[in-house]
Amino acid sequence: ILNVEQSPQSLHVQEGDSTNFTCSFPSSNFYALHWYRWETAKSPEALFVMTLNGDEKKKGRISATLNTKEGYSYLYIKGSQPEDSATYLCALEGAGNMLTFGGGTRLMVKP
Amino acid sequence: DTGVSQDPRHKITKRGQNVTFRCDPISEHNRLYWYRQTLGQGPEFLTYFQNEAQLEKSRLLSDRFSAERPKGSFSTLEIQRTEQGDSAMYLCASSAGLFTGELFFGEGSRLTVL
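Chains A and B, in that order, give the protein sequences.
In the working numbering, each number is its position in the first sequence, counted from 1, plus 20.
In the working numbering, each number is its position in the second sequence, counted from 1, plus 608.
There's no promise every hint is true.
List of simulated lysine-lysine pairs, DSS-like, C-alpha gap at most 30 Å [said to hold, decoys possible]:
1) K130(A) <-> K77(A)
2) K98(A) <-> K78(A)
3) K62(A) <-> K622(B)
4) K98(A) <-> K77(A)
5) K665(B) <-> K79(A)
6) K62(A) <-> K679(B)
7) K665(B) <-> K619(B)
8) K130(A) <-> K89(A)
9) K62(A) <-> K89(A)
10) K619(B) <-> K79(A)
Hints are computed from structural coordinates only; laboratory data are not their basis.
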């Protein structure tokens, strides 16, 4: 059974602040780690898929790292904007592309 | 638009009624997944199909829940004798079935059981 914890549960920041969230997992027995962004009234959207220890991915102001040996992944947002407000979900991929999600981090960016 | 579509987007029903949700995946995707998300939680896996074969079912999927994907294209999720605890967002996703790859989600069907 894959177990995924995310922290914090929610986060309020001011526009322009940089922020980061954590995804932790006790076991490295998975195929890949995924980050999704889920805006209200929209569908969850994939941000990154990472497979190797030490992987780093970047998309614009958002980046992520993966450390499978110590069991965590970080998601960073540089210079948060109001449009970054969303729930950020971390998930571990097992057999059959099945994802086990953490509880998510809800980010609110105030203008 | 060739993304994943779900219908209906919202459903309000009375306890004891049956409801059915439909999911149309991305056309070339052979894997289809159903997840359920309740307030404050991440999505929980319910079941998945490879083409028309249902390969995995979660213990969360009680006997009142049934899912089908008759021709390996669209899928339906039926809940019989709904209970208030069934109130949730039901998400459908599809994937191309690669070794590792992202899932493409629909916008979900929100069920409220009164």
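Now the hints, each set against the structure:
A hinted pair counts as satisfied when its Cα atoms are at most 30 Å apart, and K130(A) with K77(A) qualifies at roughly 26 Å. For the hint linking K98(A) to K78(A), the alpha-carbon distance of about 11 Å falls within 30 Å, and the restraint holds. Proposed proximity of K62(A) and K622(B) is supported: the alpha carbons are some 26 Å apart, at most 30 Å. With a C-alpha separation of about 14 Å, the suggested pair K98(A) and K77(A) falls inside the 30 Å cut-off, and the hint holds.
Between K665(B) and K79(A) the CA atoms are separated by roughly 34 Å; this puts the pair beyond 30 Å, and the hint is violated. At most 30 Å may separate the alpha-carbon atoms for a hinted pair to count; K62(A) and K679(B) meet this at roughly 28 Å. About 24 Å separates the Cα atoms of K665(B) and K619(B), which keeps this hinted pair within 30 Å; it holds. For the hint linking K130(A) to K89(A), the alpha-carbon distance of about 36 Å lies beyond 30 Å, and the restraint is violated.
Annotation: proposed proximity of K62(A) to K89(A) is violated, straight-line Cα distance about 34 Å (limit 30 Å). Pair hint K619(B) plus K79(A) does not hold up; C-alpha atoms about 36 Å apart against a cutoff of 30 Å.
Checked against the numbered hints listed earlier, the structure breaks hints 5, 8, 9, 10; every other hint is satisfied.
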